[in-house]
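Engineer: What follows is the residue order along each chain.
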Amino acid sequence: MMELLADRASLFALTGAALVALGFYGFIIQRAPIRRLIAFNVIGSGIFLLFGGASYVGGGVDPVPQALIITGIVVALALTAFAATLAVRLAESGGDDADDDGDDDEDRESDR
Amino acid sequence: MSHAFDLALCALILGAAVLAVTGRNVFGAIVFYVVYGVLLALAWLILGAVDVALAEAAIGAGVTGVLLIGAWQGLADAGGLEDEAPRPVFLRLAAVAGAGALGGLIALAVISLPGGDGLTLAVVDNQDRLELGNPVNAVLLGFRAYDTLLETLVLTAALAAVWSLTRTRVWGGVPGPGHVTRPDGVMASFGRLLPPAGLLVAVYLVWVGADAPGGAFQAGTVLAAVWILIVLSGLQDEPRLNSLPLRLMIIAGPAVFLGAGLAGAAAGAVMGYPDGHAKSVILVIEYALTLSIAATLALLIAGPARRAP
Amino acid sequence: MSVMETIIAALLALGVFFYFAGTIGLLRFPDTHSRLHALTKADNLGLGFIVIAAALHWGDGWIAAKLALVWVLALFAAGMAAQLVARAALKAEGRE
Amino acid sequence: MMDDLFMLAALGVLLSVAGALIRAWRGPSRADRMMSAQLIGSGGVGMAVLIAAARSEPAMLDVALVLALLSAFAALAFVKTVTPAGAGDPEADEADAP
Numbered sequence: 001m002m003e004l005l006a007d008r009a010s011l012f013a014l015t016g017a018a019l020v021a022l023g024f025y026g027f028i029i030q031r032a033p034i035r036r037l038i039a040f041n042v043i044g045s046g047i048f049l050l051f052g053g054a055s056y057v058g059g060g061v062d063p064v065p066q067a068l069i070i071t072g073i074v075v076a077l078a079l080t081a082f083a084a085t086l087a088v089r090l091a092e093s094g095g096d097d098a099d100d101d102g103d104d105d106e107d108r109e110s111d112r
Numbered sequence: 113m114s115h116a117f118d119l120a121l122c123a124l125i126l127g128a129a130v131l132a133v134t135g136r137n138v139f140g141a142i143v144f145y146v147v148y149g150v151l152l153a154l155a156w157l158i159l160g161a162v163d164v165a166l167a168e169a170a171i172g173a174g175v176t177g178v179l180l181i182g183a184w185q186g187l188a189d190a191g192g193l194e195d196e197a198p199r200p201v202f203l204r205l206a207a208v209a210g211a212g213a214l215g216g217l218i219a220l221a222v223i224s225l226p227g228g229d230g231l232t233l234a235v236v237d238n239q240d241r242l243e244l245g246n247p248v249n250a251v252l253l254g255f256r257a258y259d260t261l262l263e264t265l266v267l268t269a270a271l272a273a274v275w276s277l278t279r280t281r282v283w284g285g286v287p288g289p290g291h292v293t294r295p296d297g298v299m300a301s302f303g304r305l306l307p308p309a310g311l312l313v314a315v316y317l318v319w320v321g322a323d324a325p326g327g328a329f330q331a332g333t334v335l336a337a338v339w340i341l342i343v344l345s346g347l348q349d350e351p352r353l354n355s356l357p358l359r360l361m362i363i364a365g366p367a368v369f370l371g372a373g374l375a376g377a378a379a380g381a382v383m384g385y386p387d388g389h390a391k392s393v394i395l396v397i398e399y400a401l402t403l404s405i406a407a408t409l410a411l412l413i414a415g416p417a418r419r420a421p
Numbered sequence: 422m423s424v425m426e427t428i429i430a431a432l433l434a435l436g437v438f439f440y441f442a443g444t445i446g447l448l449r450f451p452d453t454h455s456r457l458h459a460l461t462k463a464d465n466l467g468l469g470f471i472v473i474a475a476a477l478h479w480g481d482g483w484i485a486a487k488l489a490l491v492w493v494l495a496l497f498a499a500g501m502a503a504q505l506v507a508r509a510a511l512k513a514e515g516r517e
Numbered sequence: 518m519m520d521d522l523f524m525l526a527a528l529g530v531l532l533s534v535a536g537a538l539i540r541a542w543r544g545p546s547r548a549d550r551m552m553s554a555q556l557i558g559s560g561g562v563g564m565a566v567l568i569a570a571a572r573s574e575p576a577m578l579d580v581a582l583v584l585a586l587l588s589a590f591a592a593l594a595f596v597k598t599v600t601p602a603g604a605g606d607p608e609a610d611e612a613d614a615p
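Protein chains in written order, with our numbering: chain A, 1 to 112; chain B, 113 to 421; chain C, 422 to 517; chain D, 518 to 615.
Treat the hints as calculated values from the structure; they're not laboratory data. All values reported here derive from a predicted model rather than from experimental measurement. Think of the CB as a built atom: it goes at the ideal place given N, C-alpha and C, for glycine as much as any other residue. Heads up, some of the hints might be wrong.
Among the chain D residues that face chain C by a calculated CB cut under 10 Å, a handful are [unchecked claim]:
#	residue
1	L522
2	L532
3	R540
4	M552
5	M564
6	L582
7	T600
8	A602
Extracted from the complex, chain A is given alone in its bound form:
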């Protein structure tokens, strides 16, 4: 175990594995849409880190995984934006399609 943590490649890959597990847990347990989005993104970035750590040799990461990870980061952002829009529209309609003016509501939840 110790020599695995002493090696940079497997240290980051194992961190990635732990992030995937953590995100998976959050995705199952959480109900609030924003928390689920965050958990889902943690899974994604965990996979990226796993991928990057696994392909780390000597001075750097293999360029092919790097290109795939960049693609993945941008796609993850696009889908997060879609999911966030979906969640907001769902909350606005509140299951009642007739309520078309939900966005004029100025109530805000306090933080504490």
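Take the given structure of chain A and dock chains B, C and D to it, following the hints.
Structural biologist: Chains B, C and D in isolation, oriented as in the chain A frame:
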């Protein structure tokens, strides 16, 4: 010393992720997620993957925060922010067990991975044929250009999906709440000061991208961030979504990309670059992609139209 | 250790010291506005010393210019954020 | 020798960032959490500069540049949440609003 930093960074990344996933307060979770993005960018820097670090810095630490805070606002206004009903104990236990098993399996797979040189040599040996000094961009726009073409189409499709959630009576209208700020205030001044610097950085990133870390995705994200900043600071409202120039800007990148691929048929290979002119074609594609990615990302963050055109 | 290395080491130590000062202020000060005050002074100075140390390490004009741009951008961002977060905190307190 | 020195400084900044996480966790107000994020963003810029210097890799400074450029974005989005519909300016008086 370097190793101590690696260990501390990984521990902090995990800590920030734990707080982002399980923290009690939703706004706090967003803050931790932004922090997590900054730390991940540093992790990529440590791994020597500067291109990925740039993308993560621009997206994870910059744009995602604005996106999530916007969603937080929308959900708070609609009263759908929090669902406090706790999960039953057996589900929590099952989730812990499942997550533990998943993480353990992946860790086991990582440990048993055979070593190897990967594809680095194959890329470095062949990137001269594209006349690109940056191996990552040689993969993105050369060897795996199909992936990148399809990715830009995924971005466009995601934008179409977001727009499909528009209320019928405001279709083609203006997204966002219509930001108004004090004209001589700090926010408006910031909106005037930062965009020139952001523009400079974006042009620089796409310019050096051929030979050094940078490129269309990183530059496009920085441009999108500049766009969002101008809107947030109330200097310029979002455009109407049914405007033709805007739609053309969104599809310019994929269209030029696809056009270059089809034009390759004339030079001998469909979806291939003409020998000897690969770099000039790639640069044209890259500039068009930068604009399209910037517009698409900025509009994805802005969401569907909310005011009539 | 050459003279230059000693200077760089001293600058780095100062930089880290100011980051710690910012964190301690953030943790120890009693209310939002005084915490803001501790934070914005400290982290700008900390980054400033680190940037000077890095510029001396490279000893290259263009790199020094880029480092200066990094610091100026961070200063702008921190200054603006401090002012606006303070206003937002005041407003939030008024509403609650 | 010099690279160890830069990484030591980076470790120091990382520890101070860890301290700021405690404030982000405790809050109590949203402004406190946002300030911590701001300090961590600034620490991230500093660490990026330090890692670039330790490796003597100028291209890595671009990451510091992007982080510095975008470090205030989340803060900007945050301060708007105290105004109606997140559309205003906390500096504007209520009377100024249209």
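Engineer: Hint by hint, note whether the structure agrees.
Structural biologist: A quick look at each hint next to the structure:
1. L522: With a closest approach of 6 Å, the L522 (chain D) hint holds.
2. L532: 8 Å, holds
3. R540: R540 (chain D) check passes; min Cβ-Cβ to chain C is 5 Å, inside 10 Å.
4. M552: Given a least distance of 6 Å, the restraint on M552 (chain D) holds.
5. M564: The hint holds - M564 (chain D) has a Cβ within 10 Å of chain C, the shortest such distance being about 9 Å.
6. L582: 5 Å, holds
7. T600: Nearest chain C Cβ about 8 Å off; hint holds.
8. A602: 14 Å, violated
Of the numbered hints listed earlier, the single one contradicted by the structure is hint 8.
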